[in-house]
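K.L.:
Take the sequences, apply the hints, and build the full model.
This is what each chain is made of:
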Amino acid sequence: MKELYRTMRVIRRFEERTVDLVNANEIAGVTHEYVGQEAVATGVCSVLRRDDAITSTHRGHGHLIAKGADVSRMFAELLGRVDGLNRARGGSMHIADLSIGVLGANGIVAAGAPHAAGAAWAFREAGTDRIAVTFFGDGGINQGVLLETFNLAALWRLPLVFICENNGYAVTLSAEHSTAGSMVDRAASYGMPAEAVDGMDVEAVAVSAGRAVARARAGEGPSFVECRTYRFFGHHTAERTMKLGYRTDEEIAHWRERDPLELAGARLEPAERAAIDQEVEALLDESLAFARASERPLAEDALAFNYAALEPRRGVAR
Amino acid sequence: MLRYQAALAKALRDELANDEAVFVIGEDVRESLRGVSRGLAAEFGEERVLDTPISEQAFTGFATGAALVGRRAVIEFQIPALLFIAFEQIVDQAHKLRLMTGGQASVPVTYLVPGSGARLGLAGQHSDNPYSYFVHAGVKTVLPATAHDAYGLFAAAIRDDDPVVVFAPAAVLGVRDEVPDDPYVVPLGSGRIHREGTDVTVVAVGHLVHDALALAEEVAGEISVEVFDPRTLYPFDWELLAESISRTGRLVVYDDANRSCGFAAEIVATAAEELPLVAPPRRVTRADAVVPFAVDLERAVLPSRAQLATAVRQTLREEARP
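Those protein sequence lines, which keep their order, are chains A and B. The working numbering puts the first residue of the first sequence at 130, with every later residue one more than the last. The working numbering puts the first residue of the second sequence at 389, with every later residue one more than the last.
Honestly, the hints are just simulated from the structure, not real lab data. All C-beta atoms, glycine included, are put in the ideal place defined by N, C-alpha and C. Mixed in with the good hints there might be a few duds.
Computed beta-carbon distance windows for the label pairs [stated by the list, open to error]:
no., chain 1, residue 1, chain 2, residue 2, range
1, B, Ala657, A, Gly158, 29 to 37 Å
2, B, Glu476, A, Ala437, 45 to 53 Å
3, A, Glu424, B, Glu661, 33 to 41 Å
4, B, Glu661, A, Ala153, 41 to 49 Å
To list a few chain B residues with every Cβ distance to chain A over 10 Å, as calculated [stated by the list, open to error]:
no., residue
5, Arg459
6, Arg486
7, Met488
8, Lys528
9, His582
10, Asp599
11, Asp676
12, Asp684
13, Ala688
P.N.:
Encoded structure:
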């Protein structure tokens, strides 16, 4: 439990600091904060091995932290520095660490699902018991590519786990206004085990995901878990300036009563919790200092990494 | 002598034998309606030749995922329009992952279209030549004109560590050529001069190489035409074209793709900027039109040898503008 709480605390404080960095223009663009959903990534990744693969979403920081990414290099990426996980080429929306099986966050909803399926298949064909997990949201449940991937995964009994993070909204459209029928029934209709779980309770998520992962590892095919959760912040950092009316303060306050960190924190001794919080602040201070000290990339390297071995054409005649 | 289609099949078979990481995925690839993967499931096992449901986005992304963890995929698209469905997964995912991950990701996937372009009566949705879209996006794009080059370029594409789209024009699938028994590659990015000439360079694309060669022969007594086959559209062999233009000073591009922002437009624009032309370059392309069904109408929107002859004569009449 201590470890689960600690991971959630790292995610929470990483995201809160990220908001400050975006607002201070230290991070360019916007980021999509994971605050409120920490129990999902933490619970799921707690039952994975380092050599398992995941695909993430535009709201991906939590998945990376839970899978074991170095937060110093994550901050460096968001700040656009050369020590970033993606060498400052990806930023928040494409952050990835293939060395720990994070095949990528993704700017297109549910586009990572078939990548996870392909990786899962390759793991099985190689004779290993590695598995893959794909994270997506309630918005992703209506993407054709995800439903196509449901079919492929069930048909080929792939060692794959579908984690639907139902945070209630696809940007501003509520799940009840976007999705016919139930998400669990939809997944179950492909012939795979499907269930919903309290996505605010990290231990409940870990139990449910643990069953799905065990089935995948045992060669029993894919499963689907709908984690019912909520994002406490806007769709992205800039939303606070937009004065949108798609949800009420009362609704947000209601969900905040079930803050996953409070639910998990209450299961620790107060002194234990305070010590973890303190240790996390120190870690993030150190990580941010590392990122700020990292060099900015050189403009002359802007065309690197487009190809394995080929210089792209430049925007001017030679 | 091997038919073009048989050369593609031989390349795929040789690469499956050469590298256990290689696998084939697509619709009907075990029966192989296009003949490129016929018999491969029996020879290499169904786990290396995957028939998929009609789910272009998913199986295209599936290949990307397998490639990210060490496999090498070959996807067959039975008709060129299927690339439109898979476009996001190719251009926005597979192609961008290396850059977006700062060089962590490698996506060796080959997208084969064995039957691109019009072929009399297949109408609006089965007659496109959508290679310019991929060139525009910077995806490596290959368009072999001969059986020899089809083998060598397809093999090179499979061995390449980046995504590569290979368009095999429908009009040349039956064309025969010498294809060596032993494996070989034609490096991506290398053009080929099929016929040397001194008056004008015709950059002919795909099946139109054969048409340009026929025209060059027809007018040989009157005009000396050099026929340049890019073979790879991106990256394009600018060095070889520069050499050719330094001899001829004149350029006509003969391309069976839409005119606006098409492949021919790019060649003409760059040549105008960078190469020593002595007369304005010209293009002979498809009309910016949907291919109509009736054969007479289809022919009317495709580029023709008569149009090429006219363009060649026009460019020879013109001098460099001051």
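K.L.:
Check each numbered hint from earlier against the structure, then list the numbers of those it violates in ascending order.
P.N.:
2, 5, 6, 7 and 8
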